[in-house]
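Enquirer: Dock chain S against the given chain L, drawing on the hints supplied.
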Amino acid sequence: MSEISNLILSIADNKQLLGLRYAEWATRAPSLEADIAAAAMGLDDLGHSRVLYGCLEPLGDDPRGQDRESDPASLCALPYLDEPWDSWSQFVAANAILDTAFTVMIEACVNGSIEVLQHRLRKMLAEERYHFLHGRSWLRSGIEKAPLEEAWREAIAWFGPSDGDTAKLHKSGALSLGPIELRARLEEQLETKAPKIGVDWTTWDPRRRRTRPGAIDEATFAMLRGLEEKRFAPASAQKQA
Amino acid sequence: MTDNVKYKRVSGEAVEYEVFARKTRLEPLHQVGSVVAPDDDLAAAYARATYDEERWVEMTIVRKDHVIALWSPGEP
Chain L
1 MSEISNLILS IADNKQLLGL RYAEWATRAP SLEADIAAAA MGLDDLGHSR VLYGCLEPLG
61 DDPRGQDRES DPASLCALPY LDEPWDSWSQ FVAANAILDT AFTVMIEACV NGSIEVLQHR
121 LRKMLAEERY HFLHGRSWLR SGIEKAPLEE AWREAIAWFG PSDGDTAKLH KSGALSLGPI
181 ELRARLEEQL ETKAPKIGVD WTTWDPRRRR TRPGAIDEAT FAMLRGLEEK RFAPASAQKQ
241 A
Chain S
1 MTDNVKYKRV SGEAVEYEVF ARKTRLEPLH QVGSVVAPDD DLAAAYARAT YDEERWVEMT
61 IVRKDHVIAL WSPGEP
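Chains L and S are the protein sequences, given in the same order. FYI, the working numbering numbers position 127 of the first sequence as 127, with every residue one higher than the one before it. FYI, the working numbering numbers position 35 of the second sequence as 35, with every residue one higher than the one before it.
Honestly, the hints are just simulated from the structure, not real lab data. Bear in mind the structure is a predicted one, so any value in this text is a computation, not a measurement. Treat the hints with caution; some may be incorrect.
What the hints assert, rightly or not - Taking CB as the label site, the calculated pair distances span:
| no. | chain 1 | residue 1 | chain 2 | residue 2 | range |
| --- | --- | --- | --- | --- | --- |
| 1 | S | K23 | L | R129 | 15 to 23 Å |
| 2 | L | G47 | S | D40 | 46 to 54 Å |
| 3 | S | G74 | L | T192 | 44 to 52 Å |
The beta-carbon is built from N, C-alpha and C at its ideal position, and this holds for glycine as well.
So here's chain L without its partners, still in its complex pose (with noise of 0.2 Å):
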């Protein structure tokens, strides 16, 4: 499978399922306007997610299997994503270092080499200024230690090992900036440096570009799959179906 469209597809899952992960704190953030805020980038990650699968054909190696459908760790998100949150915190590092780190990958993507991702791509970046600007402002007011460290760690092992696929993307051209680089965009963008974490990268797997085992939740991964709305559906349309 080419280095790209493994990177496309993580894209795609982490947006996936970060905007469902926002949305299911539509009706729990500390605000009304928080709330609407949750649920407008819960829908904007899930309508990018369906731009950056779209590109994988053109890209013309779609390095989804058969096994989308059966098991939940066959999808490229990160571990940060397999469950729930249970506090404002974790939403707030999400939005703040995970986000912005997806969105400093797009960047790389639309000032590199490939045409498709130029043009599709940039858009996003647009929209993703306001979720910048939300995830900065709630981060400044402070939050906790432990979720902060973890979404910074995932995000600099999700951009991957010195000498990984990113790198050679960025020497090919294909991506406009390599890890060491994307890693320095980010913290220029949130104005703060990346607490001193180290990433095993024995334990590393550059599909899923993660360190850790594990997949999400069976309910969300039965959401994604429709289980859930076959569920509920009358059963005239389950026979039909």
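Expert: Relative to the frame of chain L, chain S by itself:
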């Protein structure tokens, strides 16, 4: 820290912002609503999330306490 942490985002230091928008270049900006936020960044994010249902060509926000009223209803 737990779920019970009180996030003071809407009371206390938060302020009100008026939201203005227009659908075409020919029409003037008009007020479409307001949001409450503790800073300009969050107010921009909230305004866009709350009032982006229509196809505006322009949207802008103004801190309500920066608006200078010349006169108000009921005043001479």
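Enquirer: Determine for every hint whether it applies to the structure shown.
Expert: Hints, one by one, checked against the model:
At about 21 Å, the beta-carbon gap between K23(S) and R129(L) stays in the expected band of 15 to 23 Å. At roughly 26 Å, the beta carbons of G47(L) and D40(S) sit outside the given window of 46 to 54 Å. Checking the proposed 44 to 52 Å range against G74(S) and T192(L) shows it holds: the Cβ atoms sit about 49 Å from each other.
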